[in-house]
Amino acid sequence: MKSLKIIGSGRSKKKNEGINSRKRKLKNPDKDKDVYDIKNIKENLSVDFKDISFYFFSSGSTGRPKAIPFTKKEWVDRAKYRKECYKLIGLNSSSRVVILLPFGPWVAGPSVQSALEQLKCTYFPIGLLKDKREVLGLFSIVKEHKIDTIISTPSFIEYIIEVYRSSKNNCKISISLIITSGEYLSNKLRREVKVIFGARVVSTYAASELFVGVECEYTNCYHYNPDVIDVSLSENNKKEKGLLLFTNKKSKAIHLQNYPLGDLGYIEEGECSCRTRWPKVCLKGRTKGTFSVAGGVNVDQSQIIEALSAVAIPITECKILLETKCYGIDKVTFELTIGKEFTINKQDQNQIWEALSELSLDFNDVVSCGQIDLRLRINKSAKRNNKIKYLIKDQRLYER
Amino acid sequence: MKDNDFRRILPAIKRLNHFLPKYQDQIIDRWEKVPFMTKGDIDKISSQTNFSHESYCVYFTSGTTSKPRAIYHDEGDIKNISNYIKWFCEVENIKKGSLTVVLMDQSFWGVGYFTMLGHVKYGNQVVPIDTDLPPNKIREILETMKPNIVSSIPSVLFYLKDFLKGINFDFIETTGEYLNNKKRQELENCFKGEVFDSYGLTECVLGVECKEHNGFHYDLNKIKLEVVDEEGNILPDNKWGELVITILRNKRIPLIRYKSGDICKLISEKCICGINKPRVKFKRRIKKVYHLYEGYELEHRVIEKLVERIYGESKKIDINCEIRSGVFHLKIFIKDGEKKINYKIKRRLEKMNFEILHMVRRKRLFINVSNL
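Keeping their order, the protein sequence lines are chains A and B. Residues 25 to 424 in the numbering used here are what the first sequence lists, from first letter to last. Residues 992 to 1363 in the numbering used here are what the second sequence lists, from first letter to last.
Take the hints with a grain of salt, since some may be wrong.
Claimed, not checked - Simulated pairs of lysine-lysine, DSBU-like, Cα-Cα distance not exceeding 35 angstroms:
id, chain 1, residue 1, chain 2, residue 2
1, B, 1087, A, 107
2, B, 1342, B, 1174
3, B, 1250, A, 111
4, B, 1296, A, 74
5, A, 218, A, 276
6, B, 1337, A, 276
7, B, 1152, A, 154
8, A, 111, B, 1242
9, A, 74, B, 1307
10, A, 170, B, 1070
11, A, 276, B, 1086
12, B, 1296, A, 196
13, A, 170, B, 1137
14, A, 196, B, 1274
15, B, 1013, A, 97
16, B, 1213, A, 107
17, B, 1296, B, 1268
18, A, 273, B, 1274
19, B, 1086, A, 273
20, A, 107, B, 1250
21, B, 1215, A, 144
22, B, 1342, A, 274
23, A, 144, B, 1213
24, B, 1307, A, 63
25, A, 63, B, 1256
26, A, 196, B, 1030
27, A, 154, B, 1215
28, A, 349, A, 104
29, A, 167, B, 1274
30, B, 1005, B, 1250
31, B, 1213, A, 96
32, B, 1112, A, 170
33, B, 1128, A, 66
34, B, 1086, A, 154
Everything labelled a hint here was simulated from the structure, so no lab data went into it. Here the structure is a predicted model, which means the values were calculated and not measured.
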């Protein structure tokens, strides 16, 4: 697919990159230039700087936050498209929706809020709640205000389920629809929500940069409006799995063309059983070396490599163990191996811990608010590797 | 003789007939006869109003009880509030196209959202940042974006000032808390900008300072303010008394002659800045309250009642609230108290409502209960 020009995303597309290759890359930063890089945001704008109305943020693969600019019209267009998708899954003006997503500087919450404003339904922008007491408070709000729909991330829904199970009978709530966003929704969680709340769960496919689409009740793939979004594959065969590239036809501030979100998948066309003629994009995993953690935060291998290269400790192996600490909270253990001859003191360990906890703006945010329990283990080995070995082991109850 | 303002609120008074007996029992034929509204009245109207037939954006506020109070905003309310905040930008004489960082809660509480909309309407660029974001990350964003304006709450800025050393703004918009001259000077010295305070309550946005910083300008077409004495008699201009607020727009939950609990005075004479709008000056709250993080007020009587309930008898208490490095320390001293029970009071206070729990968990508030 040589004719496709890939812009944006600083996510590494090379397999098993080691520290050495990353260092080479850093010498030539333009090669991996991110259109949303906060430092160059003014240069990358496709419109006049003064036409920008909002700036939201996302994490960058370099650990620096990305600024996502929106013109007023673009913001409204995005809300209108999201509204169209919500209509497809049965939300309407009589719906009463609670938004449990992160708000400013993150785009998720405000973006859903403006779509619900367009839909003219009643909505409650509550944000992410951080402890059991607050979730119990949410249940009484849901009961008192007859809320029928929740929009949140799958990891937060897990947390709600845990609190719900442990709560007394007087906390029982009735919800008919749960819309998830930001993370992969596992079938296990789908089943559990159905059993516990009797609610339908629908996943949406979105990133900070763009909103792609929504599932219907007949498929786990995401319908998208081809007048707004164009999806292509890095390989030209639509039926085969490949890196998905997205073009947002309504983008203004930064023209988003063939932009990879790091997901692999394929495209399906033709009428769906739900009667919509919108095509579908089906996800089949993420590019190698990436993983998602609670709160919908994506982490790329290159971010870890860059963080570790900054601490100047010769690491030969990096194992990442992903476990479920409790529902909605992930335990992330970085198991690093260094040469036998090196000694590491407490200060070095703190330095590594700090570098890893600040992988990106949103990773740091979920660590500091307790959605991630970050652990560090350092082992010694006589074995020498030319390249850093990088392994991810996912043992979570709900894969993300 | 019915005046214009009275005619504007008549439909709302008719609606209030369904909820509150005090509007049924008397003939209301002129402004002075309109009964005063209290917080309890608003709660009663809210609980009896059917909100299921229209669309609303619902934000919350916590009173002194543990249950958060919902505030329903319809499309007209949102438009009205954001237009009013847009007018605030005009009064402050902000250059259009300025980059504004709105450093407030972005969900649950509506002020952050309305401020963002107001600035965008005025033609500014906005970066919304929730106060829950770690301070070093807030610094990172501000350092790179270099905004000219910060819109925040004084206690948030005081908490962040050490983390944001060297970051300057042209305009510092504050709201939600009373700002005395000492605090204003401290903020101006720290961020090297001019502070413009605005005045509002949970129930409504009232006014904003001009460059003269001598009271808050308000728009007579949208709000009618009166100052009354303890008997409810209307006081003339420049006399201190309780502020009474009327929102002249026909809201779903009307705010008519609402007693604010604030001691204020009205100034009608033209301001030196040239803006032809009256002003309101704030002095203090009527009730004894302790000002905590992000504009939260804890009433003295609430603590007194809690102590009385747990001890089973009335106790003499002394309360001291001080701020050290932006962190609030609330010290409660109880005469002839018991260590175990004092600890119980501390735990109860910490879990009293969402806001206090949130402050304690974020280490913005420390509560200490000991013997006098």
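Item checked: Pair hint outcome, residue 74 of chain A versus residue 1307 of chain B [Cα-Cα no greater than 35 angstroms] -> violated, 60 angstroms
Check: Quick one, are residue 1342 of chain B and residue 274 of chain A close enough, alpha carbons at most 35 angstroms?
Finding: violated, 47 angstroms
Margin query: Can you confirm whether the C-alpha distance between residue 144 of chain A and residue 1213 of chain B stays at or below 35 angstroms?
Written below: The hint holds at about 25 angstroms.
Checklist line | Pairwise hint evaluation, residue 1174 of chain B against residue 1342 of chain B, where the allowed Cα distance is 35 angstroms at most | finding: holds, 29 angstroms
Note to self: Against the 35 angstroms threshold, does the CA-CA distance of residue 1250 of chain B and residue 111 of chain A hold or violate the hint?
What the structure shows: Cα-Cα ~43 angstroms, so violated.
Item checked: Given pair status - residue 196 of chain A, residue 1296 of chain B, alpha carbons within 35 angstroms -> holds, 32 angstroms
Note to self: For residue 1337 of chain B and residue 276 of chain A, compute the direct alpha-carbon distance and say whether it is at most 35 angstroms.
What the structure shows: Not satisfied, since the Cα-Cα distance of roughly 53 angstroms exceeds 35 angstroms.
Checklist line | Straight-line alpha-carbon gap residue 276 of chain A to residue 1086 of chain B, limit 35 angstroms | finding: The hint holds at about 24 angstroms.
Item checked: Hinted pair residue 107 of chain A and residue 1250 of chain B, Cα distance within 35 angstroms -> violated, 41 angstroms
Check: Regarding the pair residue 196 of chain A and residue 1030 of chain B, is the alpha-carbon distance no greater than 35 angstroms?
Finding: holds, 30 angstroms
Notebook entry, point to check: Under the criterion that the straight-line Cα-Cα distance not exceed 35 angstroms, is the pair residue 349 of chain A, residue 104 of chain A satisfied?
Noted result: Outside the cut-off at roughly 38 angstroms; violated.
Next item on the list: Below or equal to 35 angstroms on CA atoms is what counts here, so check residue 111 of chain A against residue 1242 of chain B.
Entry: It holds: about 29 angstroms lies between the C-alpha atoms, which stays within 35 angstroms.
The structure is inconsistent with the numbered hints 3, 4, 5, 6, 9, 13, 14, 15, 17, 18, 20, 22, 24, 25, 27, 28, 29, 34, although it conforms to all the rest.
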